[in-house]
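Using the hints provided, position chain B relative to the given structure of chain A.
There are 2 protein chains.
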Amino acid sequence: MPTYNAPVEDMLFLYEKLRDNKNYNEIDKYKEVTTDLVKNILDEAAKINQNLILPLAKAGDENPTVLENGVVRTPPGYKEAYKKFIEDGWTSLSCDPKYGGQGMPKTVSAFFDEMLSSASLAFKLYSELTLGAYNCIHHHATDEIKNKYLPKMVEGKWSGTMCLTEPVCGTDLGLLKTKAVEQSDGTYKITGQKIFITSGDHDLTENIIHLVIARASDSPNGTKGISLFLVPKFIVKEDGSIDTRNGISTGSIETKMGIKGSATCVLNFDEAKGYMIGPKNKGLSQMFTMMNLERIVVGIQGLGISEIAYQNSLIYAKERKQGKSTKNQSPNGNADLIIEHADIRKTLLNMKSIIEGERALCFWLSQQTEVSLNHSDHKIKQDATDMVSLMTPVVKSLFSDLGMEITSDAMQIYGGYGYTKDQGIEQLYRDNRITPIYEGTNSVQAIDLVFRKLVNQNGDIIDKYISMIRGDLNKNNKDLSSFVAKLEIYIDKLSKFSTWMKDKIKTSKDDANAASNDYLRVLGYVAIGYSWLKVLEVSYKDYSNNKDFYEDKIQTANFYFNRVLPRVESHYLSATTGSKYIMDFKFN
Amino acid sequence: MPTYNAPVEDMLFLYEKLRDNKNYNEIDKYKEVTTDLVKNILDEAAKINQNLILPLAKAGDENPTVLENGVVRTPPGYKEAYKKFIEDGWTSLSCDPKYGGQGMPKTVSAFFDEMLSSASLAFKLYSELTLGAYNCIHHHATDEIKNKYLPKMVEGKWSGTMCLTEPVCGTDLGLLKTKAVEQSDGTYKITGQKIFITSGDHDLTENIIHLVIARASDSPNGTKGISLFLVPKFIVKEDGSIDTRNGISTGSIETKMGIKGSATCVLNFDEAKGYMIGPKNKGLSQMFTMMNLERIVVGIQGLGISEIAYQNSLIYAKERKQGKSTKNQSPNGNADLIIEHADIRKTLLNMKSIIEGERALCFWLSQQTEVSLNHSDHKIKQDATDMVSLMTPVVKSLFSDLGMEITSDAMQIYGGYGYTKDQGIEQLYRDNRITPIYEGTNSVQAIDLVFRKLVNQNGDIIDKYISMIRGDLNKNNKDLSSFVAKLEIYIDKLSKFSTWMKDKIKTSKDDANAASNDYLRVLGYVAIGYSWLKVLEVSYKDYSNNKDFYEDKIQTANFYFNRVLPRVESHYLSATTGSKYIMDFKFN
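Sequence order for the protein chains is A and B.
Residues in the first sequence are numbered from -5 upward in steps of one, following this note's numbering.
Residues in the second sequence are numbered from -5 upward in steps of one, following this note's numbering.
Pulled out of the complex, with its shape left as it was, chain A reads as follows:
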């Protein structure tokens, strides 16, 4: 079984030294979230993840969730762990104190998301979707609904789901068939089938609050006729207690490649009682409130799984002896630790430089997200929203894809042992493999980025982003100059690619579409490079206070700039060859 040590030191470094967003620091309610408080939280978080949650990963993989006589049973140990998990208040970390939450900003809760992803992604999903549903209800529902449902969800006694996908519609929700028929009391009867519903049913909570998109009888076709409904597994009485079972049954659960402890359900809604949330026919945009935040969390999942893969690879590389390093002159059979081999070291540094860069980017994004949600100035809020929108598909896709690269490299370091179940390394790979798929496949993210996020009604967002990075390049700092010079090469490339892309969006949508995945990566690699630059700035400035830590940062960044950033080049060259030859191809 893999071991795990939560990277608290790196997280606290970010929290203390890189909380540099002026607008974020103006948000009153977070002023009392001191580094000391965060340290306490992260120390406790580390304990529960390392001790209680981590063993659930293997348990869930070996004893997947099952559907027995219509009831979904989670793997052994899940119930007990979940009870402790909610008792200690971990579901409520980032929730509104008004409903019993602890009101922590995403700059803190994102660290917890990472740790929980490292420990057990399958277990995490049970509370993650609750928070998604919480966010959506919190944003869009009436006070009556909020008061009725949110406290129990924050407490973790009730969980939540997002019911979007149907057999014929995944990416393209306009095709949905689930119907909502209005009743005389203003409620709706919901009928239809939803598939791939994470935590759709299980035995961890007393009730499950489904957020369901459906089409009201008199609504138009396509995405413009979709409304959002709250549909509880058990009807909730006026006094908040649980009443009869609603018309929802679990048709089946999916047998999956990984995250086997997570119940992925087919849910059949048969005239289930539902309550409309927000205005009619605006369901999709409401659902996206939750989808967007959720997509960032999927990126963080990739980061968390990468971290535990890296940690275990490093441990193994320091234990396993095989082959001679270049320094070994011994003529007999003595072998060196594999960490002495350049290629293994390169692979480990590749992991580390990506992981720490991602974590820094994520921290930057968490500050932006909080500004977008909580700043008092509308313009500042809007600008932050645009940055978050731009980076959401990038973080979701790039981190999940790089999670595949890193878990795969971990398997390679383990060799044959990595392919067997005993070590638990191949499980990391299988568990992470859902992240490039769910919450919108990575290709869908790339298309969303290119066609909806680069330029919007507020202007040329990508241009603002590039200008912001350029503005932040500290060219007079001699320590940084070689890094700045390297990053500039790729910022220029990103800029050129962006201009090309904006032109193609107008003149040849297929060119833009075919180039979108490459473009997303180019933007992502530059964004991580930019985050590294911020880390470097602090590292040189504060060097004497923590020499070993900062030296490690500087050398890790150096690897990123030397060996990871140049990936931009091939993406750019390949993507800008157009698409005519692709569109003309006859697939016989």
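Derived by calculation from the structure, the hints in this document are not laboratory data.
What you were told as hints is all true, and nothing was included just to trick you.
In silico EDC-like links for lysine to aspartate or glutamate, alpha-carbon gap of 20 Å or less:
no., chain 1, residue 1, chain 2, residue 2
1, A, Lys541, A, Asp473
2, B, Lys318, A, Asp578
3, B, Lys321, A, Asp442
Short, incomplete list of chain A residues facing chain B, as computed with Cβ under 8 Å:
no., residue
4, Gly164
5, Thr165
6, Lys340
7, Gln406
8, Ser437
9, Asn511
10, Leu567
11, Phe581
Computed list of chain A residues with no C-beta within reach of chain B, every gap over 10 Å:
no., residue
12, Ile21
13, Asn34
14, Ala53
15, Val66
16, Lys373
17, Val478
18, Lys528
For each residue, glycine too, the CB sits at the ideal point set by N, CA and C.
Chain B alone, transformed into the frame defined by chain A:
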């Protein structure tokens, strides 16, 4: 369950039009292997793979091989299928007619290897290792041994294994601990533990012939004291009939991520009777006779799994409707087939251009392999051997890695359905995941390429290879000129990278080591490009005889040159940054 149609047309195209190696065509015994004969073989091969073998893939994944009371049981259906498989003579395809084989060249048997890999890799491994052992015995054993063991192996009644790995030694065989003690009758008693032994035990054959490397009592440490032994599961009497059980027991079988129908065994040798093969202390080089051929087959496995992943992705993309293409102006919810989307088309063409390029490269390599084994001229033979040596690690690593890319892309095309077990797509991904690991991890291949294959006692092999490609570039052919121009850019890059590498091998081994994986890919992408160029030459020349087929080839090649070849750029940029910063890094 995935469907499969063997790509017989493409294979016959290669066999008929690209059998262009003059030296190969001089080998007498293959002159009667006409295209018609090969067509008959491939048609039959397609049938057995599509109908009999393909269903075994799912059966084996759902009912893995088990060890019960010391006996290994293969999955349901394996026994019956194996019986038919050997009755129809498929194990004997490429074997020497002297021992009952059909004497087909690798230019034919490699196609069969590909088909069988597409249909079920786990099932394939039972006969594949037999052929590995066959080759090794055929090359190195005495006539007595050959006459005693080979006919039954060729017939498929007995199978074979390669027993190399031990708990402490995988890559580094010099560390092996298995002992061989000579007996008065000239036989040896073998004692030790071997792990990760593919087909180490099973119920498909009457006997299993293990080829075991071990250290004789008086042999030196390290790789120079390794000898090779034939150790049968059951002792074979003088008359060829089966006698008592030898001292070999199955300790356990591995629970793996994929290829679950294949028995991966821990074998305990306890004074098992063994017969030395070839000269004492030369066991490693003898084993490598079989390892090298086997490594090419691992590359072909990656190709085969890629092919079936592509075929099913294409089918799905033509059935699944989701989202609107850029041509769709319909304002209501109508969706298009996903094959209308540029990004999906790009992904499919990426797969296809890699697969067909790999197949062409493989066909080129099969001819070289036959020349290296069977040509009458020593110098020609040696030159071919050098080319095969150079390309072996490239084919093994690049094809297996690209197999991961392609099966992963297939999952993305299937979306959520790709992650569930029902479709069988995720199984392709898991099954292929062993290919970058076994027969030497891909990093080990890269190091082998760089330190042993570029330059050897026969001269500068990589230089000969590059000169050969350059010599073949038909610059006066107008049809080809744009392709030639693109390939030249990357040949130049390969040449520059090779010069850098040869210098670093002398001056900084760590630089070379850290760059080796990138170098392997650069060489591989150029080699596939070169193979495409040969395909293109025929396609233009013969265009009017099969317009649709050749147009498809030309357009697919065009994709490869536009979108795949540019990957070279980033590998080169990243790899040539040296390794000092990597070697100096403190992994605390």
